[in-house]
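Use the sequences and the hints to build the structure in full.
There are 2 protein chains.
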Amino acid sequence: MHPYSDNPDDTVAALGEQKLLAKIRRWLGAAMPAAPHGMGDDCAVLPPAPKGARGAALLTVDPVIYGEHFDDAIPPRAVGRKLLARNLSDIAAMGGQPEAAVVSLALDPRTRLDWLQAFYRGLAALARQHRVPLVGGDLATHRGGLVASLTLLGHASGKRVLTRTGAREGDFIAVTGVLGGSLASGHHWKFTPRLAEGRWLAARPEVSAMLDVSDGLAKDIHHLVPAGAKPILFADLLPRCKGCDLRAALTDGEDYELLFTLRGTPAKAARLAAEWHHAFPRVPLTIIGRLSDRHASAVGALDLAPYHGFEHFR
Amino acid sequence: MHPYSDNPDDTVAALGEQKLLAKIRRWLGAAMPAAPHGMGDDCAVLPPAPKGARGAALLTVDPVIYGEHFDDAIPPRAVGRKLLARNLSDIAAMGGQPEAAVVSLALDPRTRLDWLQAFYRGLAALARQHRVPLVGGDLATHRGGLVASLTLLGHASGKRVLTRTGAREGDFIAVTGVLGGSLASGHHWKFTPRLAEGRWLAARPEVSAMLDVSDGLAKDIHHLVPAGAKPILFADLLPRCKGCDLRAALTDGEDYELLFTLRGTPAKAARLAAEWHHAFPRVPLTIIGRLSDRHASAVGALDLAPYHGFEHFR
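Sequence order for the protein chains is A and B.
The first sequence begins at 187 in the working numbering and counts up by one.
The second sequence begins at 187 in the working numbering and counts up by one.
Source of the hints: derived by calculation from the structure; they are not laboratory data.
There's no promise every hint is true.
Since copy identity is lost for identical chains, a pair holds within one copy or between any two.
What the hints assert, rightly or not - No more than 30 angstroms apart at the CA atoms, straight line, and that leaves these computed lysine-lysine pairs for BS3-like: (1) K376 x K209; (2) K209 x K416; (3) K416 x K205; (4) K345 x K454; (5) K428 x K416; (6) K416 x K376.
Following this line, the structure appears as structure tokens:
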């Protein structure tokens, strides 16, 4: 659905801010608690955490932008869903638990009310599913554009926060799900953020570093590689989506799968994989390679140099 | 400064994302801690709070948008400063203490690097001044627009969070500073958020409700008025900026002053005002009226009906 209307009666301009806020409350429904724990004050006030229940706080922000992250072909419900899902994936990538979200919306006055309604309903549905209250936000005019930015607050689920730093030479490299073809298949707005999987992995001491694949494996893997090391990957091990070639699996991006490193012997890695398949029987887990010395060479190893992931502003 | 350049060498497109991120690290300097407590991972990890030091968590978000909140006449340094200052003002309005911020930037590829550098420097300078680490964010392409959205996490400074709800009939109404003329005078990008003042007021049990004036007193005051009550204000009591008429003081908006209600006798209100002037000798505090029964009429009281504050999307 095209988000703008030429019929002024269908637009946010026809309602104005106050009535629009009232509508948004209704669209969000149970996903939005009452003030001060939700919309309606200068800040959202978060309910105090149960004693001892909360690890380190996590904070992440990601937008969806008309013309960049979505177009007229994507249902507005899916746009709202994707906005939250992208941020949930970042919390998943650190093994965290989401806690509360705020949404900042910059809207052209011509934005259709039914577009916006579907957007909020999609956002609210996923928020309820993950019990993430939408505790506030901001609405502003932005002539000629539509930018929605969501900030998600979360906390580590245990004592440990699993970061991108922590891998070392000899660690195995593993990935969840399959890679590639996200835009073509609609995965980029349909995906389920790997929250339970992320928490499961963060609880395993042999998992040494993790991230979610958003700009393509070929680009994102470098964030996990410590100085002096390089990743040895094998093309035939890479789990690809149906019909995807190697380039697609390496560079398409928006996979929102977990990429992580694993310390220990091959037997230990195999044991973790076996326990994984018991815990998440429907989610593939594949060991795709290993971190090696920068000067090492392995016969048949993938040369990543010709593959670039998504780079903004190019 | 116009934020876009026709010379590709001067733009973010010339650098690409990775080099731009490196530059932003440099521009932010000490305002950005190292990962995982700053930029560089999927989420920012907030350092644990000192034991017992933290009240309820507060979360707020506000954007600055090219063509709406700033134009070519405003120095980019001031735009960055304003982005944080707006959010600090929301934390001030609840008597809170700011803790950490994330910034989401949607940028046209033609955005000038020197514009962006000045923007980040202005943001970092105010962040350092208030000891608010910029712990992360997001960069995305937005052809034809420039939207910067900042989310600020904070906490109540004491056990109490001062909300907009809590006033009742008979409470006095008071405001800090002077009102009106914010756009003409440049106050809207030069103002100092009233953080210390907000905390001071939140610690006083006789202060019953508070907000910061952003859309104009005539509009914002209604958020403090409980059902069945109305505000009785007197035009000659309103502290106006130099050269401002009554309409400007009531409707210009972007004042970022604290508007609050005060329980108790006139003598008690006068005592608070006297202690205020001792604590903040350079910041005016003015009692401008009182909350009254909806049916009451007071001779000389201001009729607010003809005055509207700023309304988005109109």
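Status of the hints after comparison with the structure:
1. K376 x K209: This pair counts as within: shortest intra-copy Cα distance 26 angstroms, inter-copy 34 angstroms.
2. K209 x K416: between (53 angstroms within a copy, 25 angstroms between copies)
3. K416 x K205: Answer is between; shortest inter-copy Cα gap is 21 angstroms, intra-copy 56 angstroms.
4. K345 x K454: So K345 and K454 pass the 30 angstroms test inside one copy only (23 angstroms; across, 49 angstroms).
5. K428 x K416: Classified as within; 28 angstroms inside a copy, 65 angstroms across copies.
6. K416 x K376: For K416 and K376, neither the intra-copy (33 angstroms) nor the inter-copy (49 angstroms) Cα distance is at most 30 angstroms.
The structure does not agree with numbered hint 6 stated previously, though it agrees with all others.
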